[in-house]
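Enquirer: Here is how the chains run, residue by residue.
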Amino acid sequence: MGAAALQSVQLAPGQAAWQRFRRHRLAVAGAAIIVILVLGSAFGPYLLPFDDTYIDIMRRFAPPLSGAHILGTDELGRDVLARLMMGGRVSIAIGIVAMIIAMAVGILVGAFAGFYGGVLGAVLMRLVDAVLCFPAIFLLLALAALTEPGLMTTTVLIAATAWMNVARVVEAQVRSLREREFAVAAVAFGSSDLRIMFRELVPNAMAPIVVSATLNVATAILLESYVSYLGYGIQPPAASWGNMLNNAQIYLTSAPWLALAPGIAITLAVTSFNFLGDGLRDALDPRMNIP
Amino acid sequence: MARYVANRLIQAILLLVIVSALGFAILHLAPGGPLAQFAVSSQMSQEDLARVTRQLGLDRPLPIQYLDWFGRMLRGDWGRSYRDGEGVLTIIGSHLGATFELMATATVIAVLLGCWIGVLGAVRRYSLFDSLATIGAMIALSIPTFWFGLVTIYIFSVHLGWLPSGDRQTIGDGSVLDLLHHLIAPAMVLALVETAIWGRFMRSSMLEVVNQDYIRTARAKGLPEWRILTTHALRNALLPMITVAGLQFPTLLGGALVTETVFTWPGMGRLFLDSIGYRDYPVVMGILMFSATMVLIGSLLADILYAVVDPRIRVG
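From first to last, the protein sequence lines are chains S and F. Read in order, the letters of the first sequence are residues 92 to 382 in the working numbering. Read in order, the letters of the second sequence are residues 2 to 317 in the working numbering.
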């Protein structure tokens, strides 16, 4: 017993975190599913004999498992599995790129607000509060309606409606970290403000940042599906998980499988990122682990 | 107390100014600005356009325009719809009832169900029920609302034929029963995410309360467990839920928009999407500003109400 207790004490922080993470079975499952979805979308299309945009009017609405079309075909005879994989590329890529942009903006705003505080901090954080007043979907749709839809616009707009929570997290972290000894020491060394902010404070707030980045991917994938489903995101013939559901409601009676596959893919991806974020929170932030 | 409310009120007004500035900025971000819809019409020449710009005061400096716009918003003049010339506030008002009906029903379902799940999960922590509820809540938060709506329509309307697949009522049938019949599916779909949120917050709030000294005292007094839970724990655990009600309001509104589109529910969300389709910017902006203002007022009310029921807040 003593040996086991000693061993757990001596673990390096990274190892301890990994052990805690491994115990979170749902998070591990989430990570595994994400890997499968990413690999499937990246390499799956090369294994299929069908092109995702190839229209085959003679074979419209083929049900799943009929012949070579594993998930059937849609209203234009396009292979659903091929579209699902290509759509996965788009949806996951948007989720991750939007997260990166949102993180960059959120960290920047949060770091400046938390470090300088005062009027600048107040103004920046009130701006965060103000953007949060708009329900994300309303804001996203309004902005999407005003701009030309496309991959880049959709990604940027999703990021524009998703950076606020990161800013709040970083602001709180930076505000408390800057009082700590190492930050004070950095000031005494004469380090520049920017250096203290981004070399000392932000790296020390990495744990909550990583957690909120993971959850941010989940939100971004979900937002992409909403805006593309409603017709203001990724435009056909390119596939995304959201726009594959675009016409699904019309064919709900005659071809229900068209609604099934993309919906399951979105739910799976979003759930996995959410569980992963949850597991990372438990693993990286031991303080929150107190029962 | 009065000071707290006054303080909170000033903050809210300040926030409203920033929110309105954002809204105004978005409106002017539109390609071609607020006159975009005239510019595409071939019946208007360049001179006409310039004249309209002058008439509407769009050639003035932006800050002046903003003040003018904000002033008109405060006076209830939110512009007119491009589609039928109706006042924006009138249009929003005529769609608000349906949205509130949906949101209120979903909230009632979610609060009852979520609090029950949360309390049970906290009392029987780490039980099978608790684990399933936690996983279920996470999945509920991850399912796209519109897709859950499609699945619901498929199962209950297409397959079983129990529920109508959309709309608020059967035309020609004005009975309450018919209205309720139409309300079930969309309210359940909207309630899913809400239930998950309420359940999670209720669970953690209950857990916090259950570990307090006064609960231990109540146990030590030999009170029956159900009395401890209902009169001591639950009452105190419900207090922070007021804040949750304010916090999740934007989610509720956004969810209502998506639910309304799937079920062709004639509410504000449906109107918003239709207006986007028609490039009816005054209505789009009106709904955007209206929903942000509602969120703002919601969180203000939640904060004030919380301070009323929990005196500890007022000092902080």
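Since the hints were derived computationally from the structure, they do not count as laboratory data. Worth double-checking, as some hints may not be accurate.
Unchecked claim - Label-pair distances were calculated between CB atoms; the ranges are: (1) F:Arg126 x S:Gly208: 36 to 46 Å; (2) S:Ala133 x F:Arg220: 28 to 38 Å; (3) F:Arg73 x S:Val275: 29 to 39 Å; (4) F:Ile65 x S:Gly208: 45 to 55 Å; (5) F:Asp275 x S:Asp142: 32 to 42 Å.
What the hints assert, rightly or not - Which bits of chain S does chain F cover? Going by a derived footprint, with three or more residues having C-beta under 8 Å, they are: (6) 177-189; (7) 209-223; (8) 228-239; (9) 253-263; (10) 289-295; (11) 309-322.
It should be emphasised that the depicted structure is a prediction, and the values quoted were computed from it without experimental measurement. We put the beta carbon where it would ideally sit given N, CA and C, even for glycine.
Enquirer: Between the region 228-239 of chain S and chain F, see if three or more residues pass the 8 Å beta-carbon test, and mark the coverage as holds or violated.
Expert: The restraint on the region 228-239 of chain S holds, since 9 of its residues have a Cβ under 8 Å from chain F and three suffice.
Enquirer: For the hint 36 to 46 Å, verify it against the beta carbon of Arg126 (chain F) and that of Gly208 (chain S).
Expert: 39 Å, holds
Enquirer: Within the region 177-189 of chain S, is the number of residues with a Cβ closer than 8 Å to a Cβ of chain F three or more?
Expert: With 0 residues closer than 8 Å to chain F, the region 177-189 of chain S misses the three-residue bar; violated.
Enquirer: Take the region 209-223 of chain S, compare each residue's beta carbon with every beta carbon of chain F, and decide whether three or more fall closer than 8 Å.
Expert: holds (count 6)
Enquirer: Indicate whether the distance between the beta carbons of Arg73 (chain F) and Val275 (chain S) respects the range 29 to 39 Å.
Expert: With Cβ atoms ~51 Å apart, the hint is violated.
Enquirer: How does the Cβ-Cβ distance of Ala133 (chain S) and Arg220 (chain F) compare with 28 to 38 Å: does it lie in that range?
Expert: At 57 Å between Cβs, range violated.
Enquirer: Counting residues of the region 309-322 of chain S that have a beta-carbon nearer than 8 Å to any beta-carbon of chain F, does the count reach 3?
Expert: holds (count 6)
Enquirer: Return holds or violated for the Cβ distance of Ile65 (chain F) and Gly208 (chain S) against the range 45 to 55 Å.
Expert: 33 Å, violated
Enquirer: Are there at least three residues in the region 289-295 of chain S whose beta carbon sits under 8 Å from a beta carbon of chain F?
Expert: violated (count 0)
Enquirer: Between Asp275 (chain F) and Asp142 (chain S), does the C-beta distance stay in 32 to 42 Å?
Expert: Distance hint for Asp275 (chain F), Asp142 (chain S) holds at roughly 35 Å.
Enquirer: At least three residues with a C-beta closer than 8 Å to a C-beta of chain F: is that true for the region 253-263 of chain S?
Expert: violated (count 0)
In this structure, the earlier hints numbered 2, 3, 4, 6, 9 and 10 are contradicted, and the remaining ones agree with it.
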